[in-house]
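So the protein lines, in turn, are chains G and B.
So the first sequence is numbered by numbering that gives the first Met the number 0: it starts at 0 and just counts up by one.
So the second sequence is numbered by numbering that gives the first Met the number 0: it starts at 0 and just counts up by one.
Read the hints as simulated data drawn from the structure, not as lab findings.
In this text the structure is predicted, and so the values were computed from the model without any measurement.
Yeah, the Cβ is synthetic: ideal placement off N, Cα and C, and Gly gets one too.
One should not assume that every hint holds.
To be verified - Beyond 12 Å from chain B on every Cβ pair, some chain G residues (computed):
#: 1; residue: Leu126
#: 2; residue: Glu134
#: 3; residue: Arg142
#: 4; residue: Val192
#: 5; residue: Ser195
#: 6; residue: Asn274
#: 7; residue: Leu405
Stated by the list, open to error - Computed list of chain G residues with no C-beta within reach of chain B, every gap over 10 Å:
#: 8; residue: Thr95
#: 9; residue: Pro255
#: 10; residue: Ala296
Claimed, not checked - Once the Cα atoms are required to be at most 30 Å apart in a straight line, the calculated BS3-like pairs of lysine-lysine come out as:
#: 11; chain 1: G; residue 1: Lys127; chain 2: G; residue 2: Lys137
#: 12; chain 1: G; residue 1: Lys329; chain 2: B; residue 2: Lys113
#: 13; chain 1: B; residue 1: Lys185; chain 2: G; residue 2: Lys401
What follows is the residue order along each chain.
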Amino acid sequence: MNRRRSWWLGAGATVLAVVALGWYLWDRDTAPDSASAGPGRTPAANASGAGGNDPNSPVGGGSNGGPYSAAGLQSRQEQLALWRGRHERAEQTYATYRDATRYPYDSRPIAEHPDQVRPFAPIAEELKLRGANGEPVKGLRLRTTQERVFLSGAESVKFTVAAVDDSGNGLPLIIRNASAQSIPDSRTPIKVVQASVAFSDDGTGADDQAGDGVYSARITPATQGFAAYSGTIRLLAEVASDAQQGVAQFDVVYTPDVPATWAGVREALEAGSLNFYLKANVRMAGRYVVSARVDDANGVPFALLQFNDEVAAGSREFRLQVFGALVLDKNPAFPLRLRDVDGFLLIPDKFPDRATMARQSGIVYTSARYVRDQFSSAEWTSEERTRYLTEYGKDAETARRKVEELGGK
Amino acid sequence: MRLAKPLLVVLLGIAGGVYATNYSLWINGRSNTAQPGNHADFTYWGPASTAAGVNKKSVNWDGFNRVSDQNYRIRDALDCYCTGNNWCYIAAHSAGNLQIGYALSLYGGSARTKKNATPNSAGQCGNLDGTTQTGWNIKWVDVAAGAGGGSELANVGSWAVSDPLTSDLKTATARALYDHNQTRAKWFYMYAGASGTLYSAVLPGQDDEAVAYHSSGGVSGSGGASFCNPSDWFCNDLTLGTAANEGGSAKWNYHTVAFRDDAEALNHYTNGNWGGVVSKVRADMAANAN
């Protein structure tokens, strides 16, 4: 901060202090006790700053029109419309945040995470086949799947390719050649790793069904020359169908290191919530991100549980919480089933940014049976939530008062 | 004496610079020529004199490297301006959608050291008082032409470049990068342009010449799905707001379509003058980031 700015800040602080003193002495008998105000209903404060925000300019003033001129009235109406919009948005922001954070961020109804319900389902995509000239081939599409994007250690990944017409009917397909290659991000020359990949439609190996037109292949980086490589592996498959040729392209991100291994699960009912403790032997310390799904006793998906925190090396536990109020609100049938667990070590400011732990597919653990009375109905509380509700509430109150000042209801 | 203690707190607070300021942070997308970390350089967007929200700052990551190895630029800016008593409005364009989504989803619950909103040339600010808080102070996020769901142009190599970022923009990779639903209850207002014709053979449904509606509209699930304006009878509608799209596909949680380009008038590009669909986000920021 330069001296000039410091001087102005100092002078400003002095003026504000005098104003605050006057306000305090004048208003001390009538001012509400802020500690008794509920979250989000604190007194309004004008947080506007500089920045050339024309919509914040004074209403009705200036040389173009006084408060009763046509220009002044029009300006006032524009300001009223603006503040009504701000008020509506601020009220919605406040209300939706308040309702959403009834449960903590890491213990959520799974309906809020629609693409996390079946995390291990293959990623299916469909693209128009592009010919040698780069132009899409009319009436010919490639339907592809890949099992995953990120993998580590000895994990493998399966790919499939099929050709279909615009109506989705299968077309004959030939895989002429396929290979996987490392894709260096750095501009520094490094040795490129390459491995041939065999696609087949004969019902063996990676292929599920012979002759169905779906060609399948699996690569295991650790055993195909990539054991010392960390980064993107690109699989290119040269395909031909109906006398047209093109390329199917897949990327996966591989790291040879496995940062931690799973070592079982235990559960505990604590403070009105059900906690699953996923045990792990942590080789590499750091921030771990773990996700698990919970189904009820009837197999109905119920909750997504997440863990995201720093973990030291050694024998550790990742706590995944089924929040008490979530149980009471959604009323799942017990016992609950913990399934499809995935986790990774998040590596800041690097690529690859993660080293994955082995996926735990299917039901990993089944809870004991509990009754509703054992769970707490209390909503989630935290400094973060209070901070947000206070600010969002202040914004809504400021906008409401402004609308009132401008003559709106 | 009953008056003295609270009065002292008020005076010390003022004298100590404990005041709240709101900021508008602009997070660029791919191909940025501005100086990384220089929060005053609006080269990517347009004239710096244009109103674009209160106390606007340009976050300026390089737009070339991976989301993960550039994300520190975003976290540095969030630490600078969105901690302590300060709050932020966020505007993001294209791959900037991935950057803010990644930061919130993976680092949004981490302990952040409160900063003094005075950056050095690298875009990093000094500590405020040595204390920390959980996550950042963010009011809401506006996204223009969001590439959070990736682009088919990256899938097929239509961008004839080898920048590492293009690999992150492949639809499968972009969608697997983080849980897009985890915004920590911050609203993402999605602005989707539809003037694209150049790559209409590659991009499914309506597009802005770089991303299709499935991404710019925040649609959950795999890439490749076609979504259009209501005037197109042969393609599912991208709905406004948070409602499921025609055909039943859901949007990511806390994502709402604030603008759909029914007039097919706005493309992906700023053109150095806050152009394309960014113009709509700029207008919203100027009006409501106050």
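Going down the list of hints, with the structure as the test:
1. Residue-level check failed: G:Leu126 sits 6 Å from the nearest beta carbon of chain B, not beyond 12 Å.
2. Against chain B, the non-interface label of G:Glu134 is violated: not every CB pair exceeds 12 Å, the least being about 7 Å.
3. With a least CB separation of 10 Å from chain B, G:Arg142 falls inside the 12 Å interface cut-off, contrary to its annotation.
4. Annotated as non-interface, G:Val192 keeps its C-beta farther than 12 Å from every C-beta of chain B; the closest such distance is 16 Å.
5. At the 12 Å boundary, the C-beta of G:Ser195 stays outside the reach of chain B, the nearest C-beta of that chain being 21 Å off.
6. For G:Asn274, the condition that its CB be more than 12 Å from all CB atoms of chain B holds, with the nearest at approximately 17 Å.
7. Its beta-carbon lying about 15 Å from the closest one in chain B, G:Leu405 satisfies the requirement of being farther than 12 Å from that chain.
8. The claim that G:Thr95 lies off the interface is violated: its Cβ sits roughly 7 Å from the closest Cβ of chain B, which falls inside the 10 Å cut-off.
9. Here G:Pro255 stays apart from chain B, with its beta-carbon at least about 18 Å from theirs, past the 10 Å limit.
10. The non-interface label for G:Ala296 is consistent with chain B: the shortest C-beta to C-beta separation is roughly 25 Å, beyond 10 Å.
11. A hinted pair counts as satisfied when its Cα atoms are at most 30 Å apart, and G:Lys127 with G:Lys137 qualifies at roughly 8 Å.
12. The suggested pairing of G:Lys329 with B:Lys113 is violated, with an alpha-carbon distance near 37 Å, which exceeds 30 Å.
13. Straight-line distance between C-alpha atoms of B:Lys185 and G:Lys401 comes to about 24 Å, which keeps the hinted pair within the 30 Å bound.
Consistency note: the structure conflicts with the earlier hints numbered 1, 2, 3, 8, 12.
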